[in-house]
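**Student:** Sequence:
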Amino acid sequence: MKSTRRFPLSPRFGKLAAAAVAWLAPLVSGLHAQDPTPINSETIDLKPFEVKAKRVLPKNQLLWAFQKKEWQYAQLGDFEILSYAWEGNAERYLKDFQRFRDALSIAWPIPLQPLVQNTIILCGADKTFDEFTPAEKKQRNGIFSHLFYDGEKAAIVLDLQKSFYDAELQNHFVRLEVDHRRLLYREYIRLLYAQSRNAPPPWLIEGNTQIIMDMDVYDRIIKFGFLDVKRGRPSPDDIPDSAKGFLQVVDDFGTSLDSDEIEGEGDVAETDDSDPFASDDEEIGEGTRVTLESVLPFWTADPPFHIALANKSLIPLEEMFAFSPEQYRELNPLVDMAWAKQAHAFVHYCKFGADRKHEQAFQTFVQRISKEPLTEELFQECFQMSYDGMLEKLSGHIRYPYHKYNYYKLYKDQGITAEKVTFREPSPNEVGRIVGTAQLAAGKVEEAISTFRETIERLEPLTDSPSPELLSSLAQAELQAGLRSSARERLEAAAQSGSRLPSTWTTLARLRFEELKTQHGPDGQIPPDALAKVLVPLLMARKLEPAVPETYELMAAAWQRSAIPPNLVQVDLLSEGVVKFPYNTRLGLQVAQFYLRANSPENAQKCADFALRHCADPLQRSQLSTFLRNIETTGQSRSAPAPKANS
Numbered sequence: 147m148k149s150t151r152r153f154p155l156s157p158r159f160g161k162l163a164a165a166a167v168a169w170l171a172p173l174v175s176g177l178h179a180q181d182p183t184p185i186n187s188e189t190i191d192l193k194p195f196e197v198k199a200k201r202v203l204p205k206n207q208l209l210w211a212f213q214k215k216e217w218q219y220a221q222l223g224d225f226e227i228l229s230y231a232w233e234g235n236a237e238r239y240l241k242d243f244q245r246f247r248d249a250l251s252i253a254w255p256i257p258l259q260p261l262v263q264n265t266i267i268l269c270g271a272d273k274t275f276d277e278f279t280p281a282e283k284k285q286r287n288g289i290f291s292h293l294f295y296d297g298e299k300a301a302i303v304l305d306l307q308k309s310f311y312d313a314e315l316q317n318h319f320v321r322l323e324v325d326h327r328r329l330l331y332r333e334y335i336r337l338l339y340a341q342s343r344n345a346p347p348p349w350l351i352e353g354n355t356q357i358i359m360d361m362d363v364y365d366r367i368i369k370f371g372f373l374d375v376k377r378g379r380p381s382p383d384d385i386p387d388s389a390k391g392f393l394q395v396v397d398d399f400g401t402s403l404d405s406d407e408i409e410g411e412g413d414v415a416e417t418d419d420s421d422p423f424a425s426d427d428e429e430i431g432e433g434t435r436v437t438l439e440s441v442l443p444f445w446t447a448d449p450p451f452h453i454a455l456a457n458k459s460l461i462p463l464e465e466m467f468a469f470s471p472e473q474y475r476e477l478n479p480l481v482d483m484a485w486a487k488q489a490h491a492f493v494h495y496c497k498f499g500a501d502r503k504h505e506q507a508f509q510t511f512v513q514r515i516s517k518e519p520l521t522e523e524l525f526q527e528c529f530q531m532s533y534d535g536m537l538e539k540l541s542g543h544i545r546y547p548y549h550k551y552n553y554y555k556l557y558k559d560q561g562i563t564a565e566k567v568t569f570r571e572p573s574p575n576e577v578g579r580i581v582g583t584a585q586l587a588a589g590k591v592e593e594a595i596s597t598f599r600e601t602i603e604r605l606e607p608l609t610d611s612p613s614p615e616l617l618s619s620l621a622q623a624e625l626q627a628g629l630r631s632s633a634r635e636r637l638e639a640a641a642q643s644g645s646r647l648p649s650t651w652t653t654l655a656r657l658r659f660e661e662l663k664t665q666h667g668p669d670g671q672i673p674p675d676a677l678a679k680v681l682v683p684l685l686m687a688r689k690l691e692p693a694v695p696e697t698y699e700l701m702a703a704a705w706q707r708s709a710i711p712p713n714l715v716q717v718d719l720l721s722e723g724v725v726k727f728p729y730n731t732r733l734g735l736q737v738a739q740f741y742l743r744a745n746s747p748e749n750a751q752k753c754a755d756f757a758l759r760h761c762a763d764p765l766q767r768s769q770l771s772t773f774l775r776n777i778e779t780t781g782q783s784r785s786a787p788a789p790k791a792n793s
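For reference, each letter of the sequence shown is one residue, going 147 to 793 in my numbering.
In case anyone wonders, no lab produced these hints; they're calculated from the structure. Heads up, none of these hints are tricks.
Here are the simulated PhoX-like pairs of lysine-lysine, each with C-alpha atoms no more than 25 Å apart in a straight line: (1) Lys-308 - Lys-590; (2) Lys-503 - Lys-550; (3) Lys-376 - Lys-308; (4) Lys-503 - Lys-539; (5) Lys-273 - Lys-283; (6) Lys-550 - Lys-376; (7) Lys-376 - Lys-539; (8) Lys-241 - Lys-555; (9) Lys-273 - Lys-308; (10) Lys-376 - Lys-555.
From just these sequences and the hints, can you work out the full model?
**Tutor:** Below, the structure written as structure tokens:
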């Protein structure tokens, strides 16, 4: 059984597992000590699902494709695969994806956290990718992949139908080839970062992402930090005679790699120092001197940063660092190259360039900006140079990106492998659940509701029934569409069927809590027997993976409206959420206040200290500091104000 690390406030925490059994007991003290109301103690009259005879539903293109048996399903480790693409292409991409993940676990080991649903949807013909594309992105150039993630479910959607896109490269309009493998890698890396409790700044995410996508993987060799300088270089056969000398472009504008032995796992070998633009044909272009600009119109793929940023004015570092998460979400790095390629160049230079002399300074810089505001003074303290000084160094790295990359030579039993992907015909439940969930995540609420409902209609009434996860996802879609009554019924049904989605239980608890607040007025206290109907589903959500902050936030909100305050055992359980979500400062302060009300100023102080260590917001830091000063001054629990109720 997986152990859960809890907030180390006192020895009491070692007994949480046993104490959780009696967690709700104080709620019903004074009510003849009866047990809390179990989830299924109420009889809920659910409207039966209408199941019609088999009929054709052509208005839903994706389910129509299922009826024609064009969807294929496979399982690959912790991912479900739904493919509308040619099977041979799908198998090749998924084989490479397995090798990529295997290599990444060695070179950059950040495991994917357990999710209820991990899916990869491969879209092929019939413009199926458009069915998952948000309306505002349909007309945008260069959109070939999506990542949808909500904390418990993730879907990577890839467009295998399109092969080319248009971009501007050094004032030249070029047609570049889509590298579907790199797009799949990019979305997977984004998923790893999306799970971070305290997400790094966009420039660091993008810089690391491009470094990881460039990782070179062989059966027993991994090159990490390697710059793929040849990516997109046009073939001599595609170059007109006037620019045939492009093979000598390295003389005017080029690079070579210069790496010593870097210790990795297994053996170590030297990096290839050969000319990246070298050719077996030494006579092509002999005596001809050409500029990079004469070659760029014939570039074939997403270029490395030393090509994309050649002869361009760099973005000031202050502006590059200030790029917001909102701007990053709207950025398409395939088309809007300048910022993305500069972020790559900066992170690559700091980690692997300049004989790696900035590597330690960069680590210190990243650690400090996770807790301090990023300023030029902080930057100068770490790197011993100003922004302008770093830009000058960066310009040199872009022109001649000599670097040392990590070279991992694996032992025989460590070889990079990939299991065979076996596709089969999916069930209606599988198609409806995966497709509808991705549509809902894309903001296509009406389409998702149609997919879910039509899936239910297609099920055989005597042999199949909608899965609790499908019912729960339909309920979430109906809530977004304002169909609260229907959504509530489906959530109750999904809960009674044992849904594995934490959101089933947290959403059900939230709906019940909202009803109770309406019944008891804005400031009224909720009696314990009624409050148990909110807390019991939250205890169910607490047992499921992945942990979600809403579980503990709703617990805290419920206790704030309770006619009976929580005791120490119950506050201890709330503190579990403080440890799991350390950057949720509001929750940390609420739990500290609960400890104070429960006559435990020592635990209140430890909880507030813990929250303060992970807090970067100035206002919240001020609130925590004030709270700690008040504890030191009074140390009295009964004088502490009640925590402020959540809205």
